[in-house]
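S.K.: Here's the letter readout for the chains.
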Amino acid sequence: MADSRLRRLLAFDRQVRRDRAQSPVFLHRRDRRFALDCQDRNQAPSIDRWLAHLARVGGLDDTGDIKAQSQVLSGWHRLMLAFTLVGLIAGALAMAGLLYYEGGQRINLTALLAFAALQTLLALITIVQSAVEWQPWRPLLRRFMPGVSDSALRPLMPALMARIAHAGGVCFGLAGVATLLVLVVIQDLAFGWSTTLSTGAEGYHRLLAALAWPWQHLWPAAVPELSLVEATRFFRAESTDAQTAPERWGQWWPFVMMVWLVYVVFPRLVGLALAQWQIHRGARRALAGHPGMIALEYRMETPTVDTGNEHNDAADSPDVQTAAQCRDLPDSQILICWSGAGDPELPDSLTASHLLTESAGGQRSLEDDLHTIERCGELLAKQSKPAVTLVTRAWEPPIAELADFIEQARQRWPKKTRVALLPLATAPTLAASPSQLAQWLRFADRLKDDRVFISQPEGMN
Amino acid sequence: MPQTPVFAVVGHPNKGKSSIVATLSQNDAIAIALEPGTTRKRQDYPLSVDGHVVYTLVDTPGFQRPRRVLEWLEAHSVSASDRADTVSAFVNQFSDDPRFKDECQLLAPLAEGAGIIYVVDGSIPYSPQHEAEMTILRWTGQPSLALINSIGPEDFSDTWERALGQFFQVVRRFDAVRAPFDQHLSLLKTFGQLEPAWEEPLSEATRYLSEQRIQRRRETASLIADTLERMMSFREKRTLTLQQTAEISDQTLAEQLRDQWYKNQRKKEEHLRIAIERLYQHNRIQRQEAELAWHSEHDLFSERSRSAWGVDRRYLATAGFGAGAVSGAGIDAVTLGHSLGTGALIGGLVGAAGSYFYGDRLTLPVLNTGILKDGLRTATFGPVQDSQFGYVVLGRAINHWWHVSQRNHAGRDLLDLAPADDHWLEYLDRSHRRDIHRMLDRCRKKRSIDDQTRQDFVAAIGAAMDAFDQWRLNQT
Numbered sequence: 028m029a030d031s032r033l034r035r036l037l038a039f040d041r042q043v044r045r046d047r048a049q050s051p052v053f054l055h056r057r058d059r060r061f062a063l064d065c066q067d068r069n070q071a072p073s074i075d076r077w078l079a080h081l082a083r084v085g086g087l088d089d090t091g092d093i094k095a096q097s098q099v100l101s102g103w104h105r106l107m108l109a110f111t112l113v114g115l116i117a118g119a120l121a122m123a124g125l126l127y128y129e130g131g132q133r134i135n136l137t138a139l140l141a142f143a144a145l146q147t148l149l150a151l152i153t154i155v156q157s158a159v160e161w162q163p164w165r166p167l168l169r170r171f172m173p174g175v176s177d178s179a180l181r182p183l184m185p186a187l188m189a190r191i192a193h194a195g196g197v198c199f200g201l202a203g204v205a206t207l208l209v210l211v212v213i214q215d216l217a218f219g220w221s222t223t224l225s226t227g228a229e230g231y232h233r234l235l236a237a238l239a240w241p242w243q244h245l246w247p248a249a250v251p252e253l254s255l256v257e258a259t260r261f262f263r264a265e266s267t268d269a270q271t272a273p274e275r276w277g278q279w280w281p282f283v284m285m286v287w288l289v290y291v292v293f294p295r296l297v298g299l300a301l302a303q304w305q306i307h308r309g310a311r312r313a314l315a316g317h318p319g320m321i322a323l324e325y326r327m328e329t330p331t332v333d334t335g336n337e338h339n340d341a342a343d344s345p346d347v348q349t350a351a352q353c354r355d356l357p358d359s360q361i362l363i364c365w366s367g368a369g370d371p372e373l374p375d376s377l378t379a380s381h382l383l384t385e386s387a388g389g390q391r392s393l394e395d396d397l398h399t400i401e402r403c404g405e406l407l408a409k410q411s412k413p414a415v416t417l418v419t420r421a422w423e424p425p426i427a428e429l430a431d432f433i434e435q436a437r438q439r440w441p442k443k444t445r446v447a448l449l450p451l452a453t454a455p456t457l458a459a460s461p462s463q464l465a466q467w468l469r470f471a472d473r474l475k476d477d478r479v480f481i482s483q484p485e486g487m488n
Numbered sequence: 006m007p008q009t010p011v012f013a014v015v016g017h018p019n020k021g022k023s024s025i026v027a028t029l030s031q032n033d034a035i036a037i038a039l040e041p042g043t044t045r046k047r048q049d050y051p052l053s054v055d056g057h058v059v060y061t062l063v064d065t066p067g068f069q070r071p072r073r074v075l076e077w078l079e080a081h082s083v084s085a086s087d088r089a090d091t092v093s094a095f096v097n098q099f100s101d102d103p104r105f106k107d108e109c110q111l112l113a114p115l116a117e118g119a120g121i122i123y124v125v126d127g128s129i130p131y132s133p134q135h136e137a138e139m140t141i142l143r144w145t146g147q148p149s150l151a152l153i154n155s156i157g158p159e160d161f162s163d164t165w166e167r168a169l170g171q172f173f174q175v176v177r178r179f180d181a182v183r184a185p186f187d188q189h190l191s192l193l194k195t196f197g198q199l200e201p202a203w204e205e206p207l208s209e210a211t212r213y214l215s216e217q218r219i220q221r222r223r224e225t226a227s228l229i230a231d232t233l234e235r236m237m238s239f240r241e242k243r244t245l246t247l248q249q250t251a252e253i254s255d256q257t258l259a260e261q262l263r264d265q266w267y268k269n270q271r272k273k274e275e276h277l278r279i280a281i282e283r284l285y286q287h288n289r290i291q292r293q294e295a296e297l298a299w300h301s302e303h304d305l306f307s308e309r310s311r312s313a314w315g316v317d318r319r320y321l322a323t324a325g326f327g328a329g330a331v332s333g334a335g336i337d338a339v340t341l342g343h344s345l346g347t348g349a350l351i352g353g354l355v356g357a358a359g360s361y362f363y364g365d366r367l368t369l370p371v372l373n374t375g376i377l378k379d380g381l382r383t384a385t386f387g388p389v390q391d392s393q394f395g396y397v398v399l400g401r402a403i404n405h406w407w408h409v410s411q412r413n414h415a416g417r418d419l420l421d422l423a424p425a426d427d428h429w430l431e432y433l434d435r436s437h438r439r440d441i442h443r444m445l446d447r448c449r450k451k452r453s454i455d456d457q458t459r460q461d462f463v464a465a466i467g468a469a470m471d472a473f474d475q476w477r478l479n480q481t
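Sequence order for the protein chains is P and G. Per this note's numbering, the very first residue in the first sequence carries number 28; after that it's consecutive. Per this note's numbering, the very first residue in the second sequence carries number 6; after that it's consecutive.
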């Protein structure tokens with residue numbers, strides 16, 4: 028259960044790392060789409076579904092992922108295996124060592140109890156260490172398991188390490204119990220109690236009764252009686268003890284086994300369960316608090332906004348190059364102001380030199396334009412070098428209406444009439460800017476009529 | 006009337022119609038050129054939320070023969086009530102006629118029910134010569150808004166505003182290249198006011214766009230944090246054989262590794278630039294930034310960069326004190342508070358002193374050559390040994406982000422990222438300064454970084470972006 032959470036955490040972390048190469052816009056679109064699909068199917072967009080969805084639509088074999096996750100987890104599993112093996116061997120050896128005796132010696136219960144108390148203390152230390160997330164073995168782990176610090180499991184390291192230690196401890200305790208039972212069967216064990224302190228049998232019995240309190244109702248035979256305590260005290264200085272029946276020495280083994288089970292195995296089991304719970308909770312928290320998870324939830328919850336920027340015509344810009352140049356203003360007697368050009372005033376050089384000044388375009392009607400063309404045509408017909416100056420506003424782009432006007436005029440005017448387009452700047456004293464002139468030069472180019480060209484007022488060329 | 010609002014951006018050629026559309030649709034790939042006929046056919050730019058279109062902007066060609074169109078319309082209309090139908094009839098009749106191609110492209114969306122966004126250039130003098138096209142637009146009977154977009158340096162907006170008021174329901178000024186984002190939203194809201202049924206979708210659109218902007222800011226902070234972390238902890242590594250070790254001097258090796266180290270760092274910085282630009286949908290920015298070459302005085306790692314983007318000793322001392330105090334507080338925690346805060350104080354003083362005395366120099370990362378093992382020797386260069394490096398990268402990144410976030414998509418100018426002439430980080434509060442300093446220190450020392458520290462760092466970078474905003478505000 029906890030390992031499946033760990034696998035999920037690792038898979039998620041791996042996906043988040045992989046997503047770093049993607050643009051945030053793409054990620055938002057992808058995850059929002061997934062959330063909307065889930066909504067359509069009345070499903071909650073869980074992490075498992077999300078991971079499965081990515082694996083499915085990506086068409087990727089997730090063996091690599093599983094392998095990568097396994098590599099991280101297998102390091103911890105190998106460590107666990109090593110600890111359990113060591114626990115089994117050490118447990119058997121420890122019990123065998125504690126029970127080792129030669130015919131004449133008793134096994135001192137006091138030493139056994141002290142050893143059990145040490146085991147309880149060690150289990151408690153591991154529990155506390157895991158709870159306060161103290162990791163004294165971290166440098167060792169980093170040395171032998173490179174990459175462990177960068178893994179998503181890093182915040183769970185104290186709990187994972189505690190689980191390994193407790194698993195080893197459980198194996199240690201169970202191996203001890205098994206060894207005890209085997210030795211009880213195959214050997215005649217003689218337990219007794221001994222201490223240098225001037226403690227009486229009553230006092231020692233009270234201590235043992237307190238220790239045996241957890242199982243006093245479960246297995247009364249494993250609670251030592253006062254008579255047994257009194258009968259099995261021994262002193263090193265004594266050579267023999269004929270007063271005690273030999274079978275009395277062996278009656279201690281149920282008590283010893285229960286002490287081992289309750290004070291060595293049980294604390295480790297509790298620690299193991301606690302570590303398992305910590306891993307379970309830690310994996311859930313690590314996933315929920317993962318920066319990638321916060322970002323993912325945001326992406327799933329917030330709609331994607333597409334501002335309509337797919338269209339790209341930047342490369343379709345028209346050719347704005349032209350070889351055309353401004354030409355000198357011809358000596359014309361006719362001036363036509365196109366679409367309000369020359370308003371409010373024309374440059375002085377233009378106002379004096381023309382016989383006829385007309386208006387066209389803009390607010391004038393198309394019929395007015397036609398009349399203008401006809402009036403100008405009559406005058407042009409009398410001239411040997413007919414020319415017209417057509418004044419425009421340099422800043423207004425030339426449009427088809429002007430091209431129509433020029434075309435109509437060319438049809439009605441003498442063929443040799445030259446038409447000088449004169450784009451004016453916003454003030455009579457200013458010259459049109461090169462960019463404004465360029466659009467007019469290109470316009471004249473497009474007309475493909477050599478007698479229509481662009482000029483500038485005298486002194487502004 | 007269409008179900009979702011459609012707005013046709015219309016007007017005389019070259020008055021900035023495409024600029025308006027480019028800015029509002031956040032598309033910098035729309036051709037904007039001072040040439041009549043740049044836009045040859047209508048182009049739709051829908052804004053969609055989760056695939057559902059909220060509104061559509063339509064870019065259209067400019068009027069080419071407005072008087073001729075008006076003449077036709079007047080000749081085919083009997084009364085004011087048939088004007089809209091007459092416009093539709095014109096579109097139907099001339100849709101295949103090349104003479105009126107632009108007018109048909111322009112009028113078709115209006116005939117389908119689109120709102121009118123009439124664009125004029127406020128930098129040129131008002132002229133009544135465009136009244137024919139305004140009259141045609143009025144004939145369509147569609148809700149209308151006029152936008153005064155100033156393309157040039159001069160301003161004739163007041164006269165335009167008075168004149169346009171006679172033809173259009175609403176007249177607004179909007180500089181497509183320079184208008185800040187708030188004005189984009191305000192303009193969209195105004196579009197919604199043209200027709201009661203459009204108010205809700207446009208209000209929804211502005212809400213989503215605001216959220217998108219906030220999200221982009223957050224993503225940027227995250228991108229900068231990620232890049233900074235990688236740059237601060239980056240180490241150039243090379244494994245040499247015994248023969249190679251003998252052939253190359255330590256100095257040459259150091260130079261080679263250093264060059265490669267800088268090259269990789271610059272690449273990371275460039276990736277960050279592009280990622281932020283893409284995030285803000287700027288795909289065609291021409292950027293001019295301090296030349297990233299070793300000998301340039303504007304180089305990323307030069308003293309000039311340091312003085313522009315780095316922080317001064319006082320800043321480092323205070324940030325160092327904060328970061329040191331946090332580490333020192335660990336001692337107090339271990340002693341269950343029995344050290345009465347001495348740990349924090351000592352840690353703070355050590356941090357402040359270290360930062361004060363060593364932080365003001367742009368220390369270069371040093372070469373480390375490992376011991377010979379199995380006939381191979383590993384040489385490393387980096388990570389950078391000075392937090393100032395982080396501040397330089399941070400300053401440059403935030404400066405770039407700020408320019409990109411303020412840049413409208415109609416803008417085609419070179420993005421000039423000039424260095425700052427002030428220590429803008431002074432506007433950042435102490436707690437965020439400490440978070441940044443601590444993270445930079447951890448990165449350069451190659452210490453492990455937990456998720457919470459990373460999140461704090463991202464938040465601190467977000468705050469630094471706010472501080473930069475504030476500093477810029479005070480600059481103007």
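Please note that a few of the clues may not be correct.
What follows is a set of in silico ranges between Cβ atoms, one per label pair, in the way DEER data are often shown [said to hold, decoys possible]:
hint, chain 1, residue 1, chain 2, residue 2, range
1, G, Asp163, P, Ala430, 31 to 37 Å
2, P, Arg181, G, Arg243, 26 to 32 Å
3, P, Ala82, G, Arg243, 49 to 55 Å
4, G, Gly157, P, Asp472, 21 to 27 Å
5, G, Lys451, P, Arg44, 15 to 21 Å
6, G, Arg243, P, Phe171, 24 to 30 Å
7, P, Thr226, G, Lys451, 55 to 61 Å
8, P, Lys443, G, Asp163, 45 to 51 Å
9, P, Ala144, G, Gln460, 41 to 47 Å
10, P, Arg56, G, Asp255, 24 to 30 Å
11, P, Arg44, G, Gly375, 35 to 41 Å
12, P, Asp64, G, Asp421, 43 to 49 Å
List of simulated lysine-lysine pairs, DSS-like, C-alpha gap at most 27 Å [what the hints assert, rightly or not]:
hint, chain 1, residue 1, chain 2, residue 2
13, P, Lys475, P, Lys443
14, G, Lys272, G, Lys450
15, P, Lys475, P, Lys442
16, G, Lys46, P, Lys475
17, G, Lys106, P, Lys475
Looking from chain P toward chain G, a few residues come up when the C-beta cut is under 10 Å (computed) [claimed, not checked]:
hint, residue
18, Arg60
19, Glu372
20, Gly389
21, Glu394
Since the hints were derived computationally from the structure, they do not count as laboratory data. Using N, Cα and C, we set each Cβ at its ideal position, and we do this for glycine too.
S.K.: Quick check on a hinted range of 15 to 21 Å for lysine 451(G) and arginine 44(P), using CB atoms only.
M.R.: holds, 18 Å
S.K.: Taking the beta carbons of aspartate 64(P) and aspartate 421(G), is their distance inside 43 to 49 Å?
M.R.: holds, 45 Å
S.K.: Does the Cβ distance between glycine 157(G) and aspartate 472(P) fall inside 21 to 27 Å?
M.R.: Hint holds: Cβ distance 24 Å, inside 21 to 27 Å.
S.K.: Note whether the CB distance of alanine 82(P) and arginine 243(G) lies within 49 to 55 Å or breaks it.
M.R.: The hinted range 49 to 55 Å is violated for alanine 82(P) and arginine 243(G), with Cβ atoms some 37 Å apart.
S.K.: Please check whether arginine 56(P) and aspartate 255(G) have a Cβ separation lying inside 24 to 30 Å.
M.R.: With Cβ atoms ~51 Å apart, the hint is violated.
S.K.: For the pair we were handed, lysine 46(G) and lysine 475(P), check the Cα-Cα distance against 27 Å.
M.R.: Holds. Lysine 46(G) to lysine 475(P) sits at ~25 Å (cutoff 27 Å).
S.K.: Taken at face value, is the distance from the CA of lysine 475(P) to the CA of lysine 106(G) at most 27 Å?
M.R.: Distance of about 21 Å is within 27 Å: holds.
S.K.: Measuring from beta carbon to beta carbon, are arginine 181(P) and arginine 243(G) in 26 to 32 Å?
M.R.: holds, 29 Å
S.K.: Given the range 24 to 30 Å, decide if the beta-carbon distance of arginine 243(G) to phenylalanine 171(P) lies inside it.
M.R.: holds, 26 Å
S.K.: Would you say the C-beta atoms of lysine 443(P) and aspartate 163(G) sit inside 45 to 51 Å of each other?
M.R.: 47 Å Cβ-Cβ, so the 45 to 51 Å window holds.
S.K.: For the pair supplied as a hint, lysine 475(P) and lysine 443(P), is the alpha-carbon distance within the 27 Å limit?
M.R.: holds, 15 Å
S.K.: Holds or violated: glycine 389(P) as interface residue toward chain G, Cβ cutoff 10 Å?
M.R.: holds, 3 Å
Hints 3, 10, 11 and 19 from the list above are not met by this structure, while the remaining hints are.
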